[in-house]
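Chain B: place on chain A using the hints.
2 protein chains.
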Amino acid sequence: MTRASFTGEQIYRGDASICRGCWDQMHVPIPIRGALALPFRAFGITRSKMNPNICTICERSFRYVKKQRQVTVNATILFADIRGFTALSEQIEPVRLTEIVGLFQDHCAQAIWAHDGIVNKQMGDGLMAIFNFPIVRKDHASAAVTAAMEIQRHCAAALKSLNVDRALGVGIGIHSGEVEIGEFSSFRSDFTAIGGAVNLAARLESKADAGEIVMSGQTAAQASHLTSQAKTRALSLKGIEIPVLARVLSKT
Amino acid sequence: MTRASFTGEQIYRGDASICRGCWDQMHVPIPIRGALALPFRAFGITRSKMNPNICTICERSFRYVKKQRQVTVNATILFADIRGFTALSEQIEPVRLTEIVGLFQDHCAQAIWAHDGIVNKQMGDGLMAIFNFPIVRKDHASAAVTAAMEIQRHCAAALKSLNVDRALGVGIGIHSGEVEIGEFSSFRSDFTAIGGAVNLAARLESKADAGEIVMSGQTAAQASHLTSQAKTRALSLKGIEIPVLARVLSKT
Numbered sequence: 007m008t009r010a011s012f013t014g015e016q017i018y019r020g021d022a023s024i025c026r027g028c029w030d031q032m033h034v035p036i037p038i039r040g041a042l043a044l045p046f047r048a049f050g051i052t053r054s055k056m057n058p059n060i061c062t063i064c065e066r067s068f069r070y071v072k073k074q075r076q077v078t079v080n081a082t083i084l085f086a087d088i089r090g091f092t093a094l095s096e097q098i099e100p101v102r103l104t105e106i107v108g109l110f111q112d113h114c115a116q117a118i119w120a121h122d123g124i125v126n127k128q129m130g131d132g133l134m135a136i137f138n139f140p141i142v143r144k145d146h147a148s149a150a151v152t153a154a155m156e157i158q159r160h161c162a163a164a165l166k167s168l169n170v171d172r173a174l175g176v177g178i179g180i181h182s183g184e185v186e187i188g189e190f191s192s193f194r195s196d197f198t199a200i201g202g203a204v205n206l207a208a209r210l211e212s213k214a215d216a217g218e219i220v221m222s223g224q225t226a227a228q229a230s231h232l233t234s235q236a237k238t239r240a241l242s243l244k245g246i247e248i249p250v251l252a253r254v255l256s257k258t
Numbered sequence: 007m008t009r010a011s012f013t014g015e016q017i018y019r020g021d022a023s024i025c026r027g028c029w030d031q032m033h034v035p036i037p038i039r040g041a042l043a044l045p046f047r048a049f050g051i052t053r054s055k056m057n058p059n060i061c062t063i064c065e066r067s068f069r070y071v072k073k074q075r076q077v078t079v080n081a082t083i084l085f086a087d088i089r090g091f092t093a094l095s096e097q098i099e100p101v102r103l104t105e106i107v108g109l110f111q112d113h114c115a116q117a118i119w120a121h122d123g124i125v126n127k128q129m130g131d132g133l134m135a136i137f138n139f140p141i142v143r144k145d146h147a148s149a150a151v152t153a154a155m156e157i158q159r160h161c162a163a164a165l166k167s168l169n170v171d172r173a174l175g176v177g178i179g180i181h182s183g184e185v186e187i188g189e190f191s192s193f194r195s196d197f198t199a200i201g202g203a204v205n206l207a208a209r210l211e212s213k214a215d216a217g218e219i220v221m222s223g224q225t226a227a228q229a230s231h232l233t234s235q236a237k238t239r240a241l242s243l244k245g246i247e248i249p250v251l252a253r254v255l256s257k258t
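Listed in order, the protein sequences are those of chains A and B.
Using the working numbering, read the first sequence as starting at 7 and increasing by one per residue.
Using the working numbering, read the second sequence as starting at 7 and increasing by one per residue.
Isolated chain A (complex conformation):
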């Protein structure tokens, strides 16, 4: 499969020589690039699929890294998906559908990794990213908003280049707050985030039209230098009693 819009452009592969997650969480240097990484690779310790600047110890050994089953972390959660995908999927051939999903996932990952986030979950035409764990970023809200703006810019160009008949676009929801991070089932070993803040980010995303970034007031306030142009929108969200005053960035 060729991915036309990646011509001359490489997926962000990162450049850290030690795992930034293990360093930030434990102050332990785990080599992930160069000759020093070779013996680790022999023991199955490689770069994580969640972010190429962290290693599979962070990814799969949460309990070893944090010495507990779960931790409460102040983080920013980003959800993104392709708007119009359900309708589109009835109309175009499967190979094209795959191409669109591939482009979307790759462009999103590139933007998220460039700002120290991790792609924690991929779900078909959607994904969930976490900022501030395991790579610590004090400005995690700004990092997420910047990544979202890059996702919108790059995906708009890529989707346009595909010449799909209908208006496709990406919807993004972002919220910053306390989440629970840990391993939450007895048969999976990769960590994830749960809690009200995660669900709020997902609900905000469900309200984002193509091209829009819908964020909570908390995220907008922490990334105020990026969100001064954002419009305010009152949203009533499933499972949340009081309407939420969201801030929305859209294509100019």
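Here are the simulated PhoX-like cross-link-like pairs (lysine-lysine), alpha carbons at most 25 Å apart as the crow flies:
1. 127(B) to 55(B)
2. 244(A) to 213(B)
3. 127(A) to 213(B)
4. 213(A) to 127(B)
5. 244(A) to 166(B)
6. 213(B) to 213(A)
7. 55(A) to 73(A)
8. 166(B) to 257(B)
9. 237(B) to 213(B)
10. 244(B) to 257(A)
11. 244(B) to 213(A)
12. 127(A) to 144(A)
13. 213(B) to 257(B)
14. 257(B) to 244(A)
15. 144(A) to 72(A)
16. 55(B) to 72(A)
17. 127(A) to 127(B)
18. 244(B) to 244(A)
19. 257(A) to 237(A)
20. 55(B) to 127(A)
21. 213(A) to 257(A)
22. 55(A) to 127(B)
23. 237(A) to 213(A)
24. 244(A) to 127(B)
25. 213(A) to 166(A)
26. 72(A) to 55(A)
27. 244(B) to 166(A)
28. 55(B) to 55(A)
29. 55(A) to 73(B)
30. 55(B) to 73(B)
31. 73(B) to 127(B)
32. 213(B) to 244(B)
33. 244(B) to 127(A)
34. 127(A) to 73(A)
35. 72(B) to 55(A)
36. 127(B) to 244(B)
37. 73(A) to 55(B)
Counterexamples of contact, computed for chain A against chain B with all Cβ distances above 10 Å:
38. 24
39. 31
40. 32
By construction, these hints were calculated from the structure, which means they are not laboratory data.
Beta carbons are placed, not taken as given, at the ideal position from N, Cα and C, and that holds for glycine.
Same frame as chain A, but now just chain B:
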């Protein structure tokens, strides 16, 4: 963490001695239990987290197994999540939240594995399962509906035992149809399913109240011996123009 409701009950661990996915897809016997499995384990080939009766070759080497990037498969897709979780997550302590998610995920996996499905994606308080790939089951619709009924029965008992203040329950959506299965991003190696049929299953799930199994007409027709008691409900679903006549099984 103790999980009270699992007392005297073990998570389904499967019992196949060779990988049922590799056998069904390639007719190649890959030992996953017993002494013959040991040399494979040394090469990192172990049982998959998606289903303990398949191996990590099926899970991570889709292109090797299928000799192509994607395949169209007639399958049944099941989505499940905890209803009322967003509201609940604002009210109870994080440790309890984790306990509920853990119980849910474990009970779901047990029921899905017992009927040859795989837990393809876990997303916090939700999951997506696939029936008929890589383990082939001609009666995949019936297998999914039976698994859904077991999920409802076991989760209802488990959630009740937790003595949570509010009425919690599980919502399930099921649809059977052609899906695209393959690896859809250049940086992840586990396969997933995409396409209109996947999105329809997700939309059906979003309409399921606590305790309900909402399935498409296609699934109900293929599992007619299980669904004669199901009520018909017209649903207008996001991204789908014509109202869908769904069939609903609920607690008696």
